[in-house]
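So the sequences go chain by chain: G and Z. Heads up: the first sequence begins at 1 in full-length UniProt numbering, then just goes up one per residue. Heads up: the second sequence begins at 1 in full-length UniProt numbering, then just goes up one per residue.
If you're looking for bench data, these hints aren't it; they were derived computationally from the structure. Beta carbons: idealized from backbone N, C-alpha and C, even for Gly. Treat each hint with caution, since some may be false.
Said to hold, decoys possible - Listed next, the in silico BS3-like pairs over lysine-lysine satisfying Cα-Cα at most 25 Å (straight line): (1) Z:K6 x G:K136; (2) G:K131 x Z:K15; (3) Z:K6 x G:K180; (4) G:K131 x Z:K165; (5) Z:K12 x G:K163; (6) G:K12 x G:K42; (7) Z:K15 x G:K180; (8) G:K180 x Z:K165; (9) Z:K119 x G:K163.
Unchecked claim - Covered stretches of chain G (chain Z as the covering partner; in silico rule of three or more C-beta atoms under 8 Å from a C-beta of chain Z): (10) 120 to 134; (11) 155 to 168.
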Amino acid sequence: MTVMKTSKERKKSISKISHASGIAQYALAAKMSDEQITKAAKHLDVLSVIKSANNYNRYCQSQKTAEANQKLKQFMNIENSEIYKAGQWLLHSLSNVGQERKESLLEKELIHKEDYNQTVEDLNDVISEQKQGVDKQTFSASESIKNLEDANDSFRYQLQAIKDYIENNYDAKTWSEIEKYIHRN
Amino acid sequence: MNEVIKKYKLRKLYKSSDVSAVWNASQNLQVISHPQYGLISPNEYRAKYKNKPCPYCGKKMVQGQQFYSTTSRQDAINRGYQYVDKSGNKTINQAGRNFFHPNYITLDHRTNKARCPEKLFDSDNLEAICWRCNNQKGDDNSFELQHTCDYLNSLAEEARSRYPKL
Ligand SMILES: [Zn+2]
Chain G
1 MTVMKTSKER KKSISKISHA SGIAQYALAA KMSDEQITKA AKHLDVLSVI
51 KSANNYNRYC QSQKTAEANQ KLKQFMNIEN SEIYKAGQWL LHSLSNVGQE
101 RKESLLEKEL IHKEDYNQTV EDLNDVISEQ KQGVDKQTFS ASESIKNLED
151 ANDSFRYQLQ AIKDYIENNY DAKTWSEIEK YIHRN
Chain Z
1 MNEVIKKYKL RKLYKSSDVS AVWNASQNLQ VISHPQYGLI SPNEYRAKYK
51 NKPCPYCGKK MVQGQQFYST TSRQDAINRG YQYVDKSGNK TINQAGRNFF
101 HPNYITLDHR TNKARCPEKL FDSDNLEAIC WRCNNQKGDD NSFELQHTCD
151 YLNSLAEEAR SRYPKL
């Protein structure tokens, strides 16, 4: 087995291999031993056969890298950033009020629709029931008040009539005596 | 006269016109024993609530004849004193020859004075409300109750409209 004598000879062989294979010199230098270099240098014709395939592979890799770079670029562009957009939307939602905010939250599906509908239905049930109760109570209390008002009106009318009768058919003093009597008891 | 009219005397007022006469004659007499202000007159009671919101409509209650009344009906209309009452009629608050601002301050008896004259000067039976609401209330003792009920119902409707089903 031939062993390389000098680093100059190694460099020369790497250059030849690189030219034949299309692999960069720095990669060959870093990854191949003297023995491997010597061996490969003897089969430059074989290396040139795979050169085009290797180049194509490198092209594809570079394409993928370019795509990835483009995405990274888009992401880094603050206007297109998903995080930025989410932040903007959140800020917008927070500055909305009431109904508008709720709709905007629903748009983003931050509120579960079924949960929301169920809660609203429960709320409506409670409201309807309470409303019925309050209406009924208010109605019956108003009825009672009306009855008491009527009774009060009737009693005051009767008392005034009695007073008038006594004062006209007896005298004012008699009525005064009656009033004192009522007051004492 | 500085003495609070005795309840037993008030109780003997059977005619609403007699009750009104006593009330009208007492406007500047210190006949109300207020827990905070001591003995005050109905007029002084009213003045305490000047510029405060009416407990029924929430509008600011005004006082001062020189600013909030006029002797001309047309002037009253121009000033926006006219409103639609509960019967649907256009009306302007009027006392004597003067037309008043709709939210001019008045002193109302929660339990109406004709039916419960012994509470004529009870401070807990008195409430400063605007003239317009006083007109609406009339002598209906269920008014406050009905008002609370309406208020609750409007709250319920508001809750419903804010949270529609999706
Ligand atoms: Zn009012």
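Taking the hints in turn, this is what the structure says about them:
Restraint check: the Cα-Cα separation between K6 of chain Z and K136 of chain G comes to about 39 Å, which exceeds 25 Å; the hinted pair is violated. Between K131 of chain G and K15 of chain Z, the direct Cα distance comes to roughly 39 Å. Violation of the 25 Å bound is thereby established for this hinted pair. This hinted pair checks out: K6 of chain Z and K180 of chain G have alpha carbons roughly 14 Å apart, not beyond 25 Å. Pair hint K131 of chain G plus K165 of chain Z holds up; C-alpha atoms about 19 Å apart against a cutoff of 25 Å.
Using a Cα cut-off of 25 Å, the hinted pair K12 of chain Z and K163 of chain G holds, with the two alpha carbons roughly 10 Å apart. A distance of roughly 13 Å separates the Cα atoms of K12 of chain G and K42 of chain G; the hinted pair therefore holds under the 25 Å criterion. The straight-line distance between the Cα atoms of K15 of chain Z and K180 of chain G is roughly 19 Å, inside the 25 Å bound, and the hint therefore holds. Restraint check for K180 of chain G and K165 of chain Z: not satisfied, since their Cα atoms lie roughly 68 Å apart, outside the 25 Å limit.
Restraint check for K119 of chain Z and K163 of chain G: satisfied, since their Cα atoms lie roughly 22 Å apart, inside the 25 Å limit. Counting residues of the stretch 120 to 134 of chain G whose C-beta sits closer than 8 Å to any C-beta of chain Z gives 8, which meets the bar of three, so the coverage hint holds. Under the rule that three or more residues need a Cβ within less than 8 Å of chain Z, the assignment of the stretch 155 to 168 of chain G holds, with 5 such residues.
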